[in-house]
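End of the sequence shown sits at 244 in the working numbering; the numbers just go up one at a time, nothing left out.
Simulated from the structure, these hints should not be mistaken for lab results. Just so you know, not all the hints are guaranteed correct.
DSSO-like mimics (lysine-lysine), calculated; alpha carbons at most 27 angstroms apart, straight line [unchecked claim]:
1. Lys-67 x Lys-36
2. Lys-82 x Lys-101
3. Lys-197 x Lys-223
4. Lys-36 x Lys-223
5. Lys-223 x Lys-95
6. Lys-197 x Lys-95
Restraint ranges, calculated between C-beta atoms of paired labels, are given here [claimed, not checked]:
7. Leu-33 x Ala-64: 17 to 25 angstroms
8. His-13 x Asn-228: 22 to 30 angstroms
9. Lys-197 x Ser-99: 35 to 43 angstroms
10. Leu-222 x Glu-141: 47 to 55 angstroms
11. Ala-64 x His-231: 21 to 29 angstroms
12. Ile-208 x Asp-146: 35 to 43 angstroms
13. Leu-170 x Arg-227: 31 to 39 angstroms
This structure is a prediction, so every number in the text was calculated from the model and none was measured. Cβ atoms here follow ideal geometry from the backbone N, Cα and C, with glycine treated the same way.
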Amino acid sequence: MRQDLHDALERLSRLENMDALSSGVLDIKESLEVEHVVFHAVNHSGDQYVSATYSDAWQKHYRAEDLTRIDPVVKASRTAIRPVNWNKLDWSSKAARSFLADATDAGVGSQGLSVPARGPQGQFAILTVSHTAEAGAWDRRVEEMMDDLQYLTQFINGRALELYGPREEPAVPTLSPRESEVLAQLALGKSRPQAADALGISEHTLRVYIESARLKLGARNTIHAVAKGVFLGLVAV
């Protein structure tokens, strides 16, 4: 990790409250040489914290129009396990294209990467960086930054958990080790036969574990169970 990023992390480690986190986000923006950086965290109670280098006008517009409804980045990041590269998303709908045009006009940048992080009791956060680079140049830049960004995301989210942790202990479902292993195999993109083979069990037994986990999590279907298990920190991937 470059010295300037190391210094930024050192300053983040000394922050005493969430209000001071915005200065840390600005440090990261300058160190990574990107157009913008956003850290968005939601705890289990639904309390949100956002620190962004976007213009005040864009942030007010985004909140006033409730643009999370149509923002493809938000939709993808809510259930993502791995970093979300904006240029790999589906921007084909009229609403998405209009949103991207408005965001670009506001200086957000047409390229971006959003790295999700999850904590205990359903806590969730995203660290996003954006830029105006062309797609090919951005992909190369992402490769250069990826390791640092993933580390930064976990580090900043850890500080957020320390500074604004849960206010109460919610009832969190529990999964057996085998149920967690089964959902983890599916979260990695394996088919049911592949997951069963990897775990050395029959497909019938795999289905039993999936259904048991689904019921415990109150999930609508298997995909929902996997996403919810990962979100709650019950499935390691």
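Here is how each hint holds up against the structure:
1. Lys-67 x Lys-36: Holds: Lys-67 and Lys-36 sit about 21 angstroms apart, inside 27 angstroms.
2. Lys-82 x Lys-101: Between Lys-82 and Lys-101 the Cα gap is close to 16 angstroms, so the pair holds against 27 angstroms.
3. Lys-197 x Lys-223: 22 angstroms, holds
4. Lys-36 x Lys-223: Cα-Cα ~41 angstroms, so violated.
5. Lys-223 x Lys-95: Distance ~33 angstroms between Lys-223 and Lys-95 Cα, so the pair is violated.
6. Lys-197 x Lys-95: 21 angstroms, holds
7. Leu-33 x Ala-64: 17 to 25 angstroms: 18 angstroms, holds
8. His-13 x Asn-228: 22 to 30 angstroms: 44 angstroms, violated
9. Lys-197 x Ser-99: 35 to 43 angstroms: Given a distance of about 28 angstroms, which is not inside 35 to 43 angstroms, the answer is violated.
10. Leu-222 x Glu-141: 47 to 55 angstroms: 48 angstroms, holds
11. Ala-64 x His-231: 21 to 29 angstroms: 37 angstroms, violated
12. Ile-208 x Asp-146: 35 to 43 angstroms: Since Ile-208 and Asp-146 have Cβ atoms about 39 angstroms apart, the given range 35 to 43 angstroms holds.
13. Leu-170 x Arg-227: 31 to 39 angstroms: Distance hint for Leu-170, Arg-227 holds at roughly 34 angstroms.
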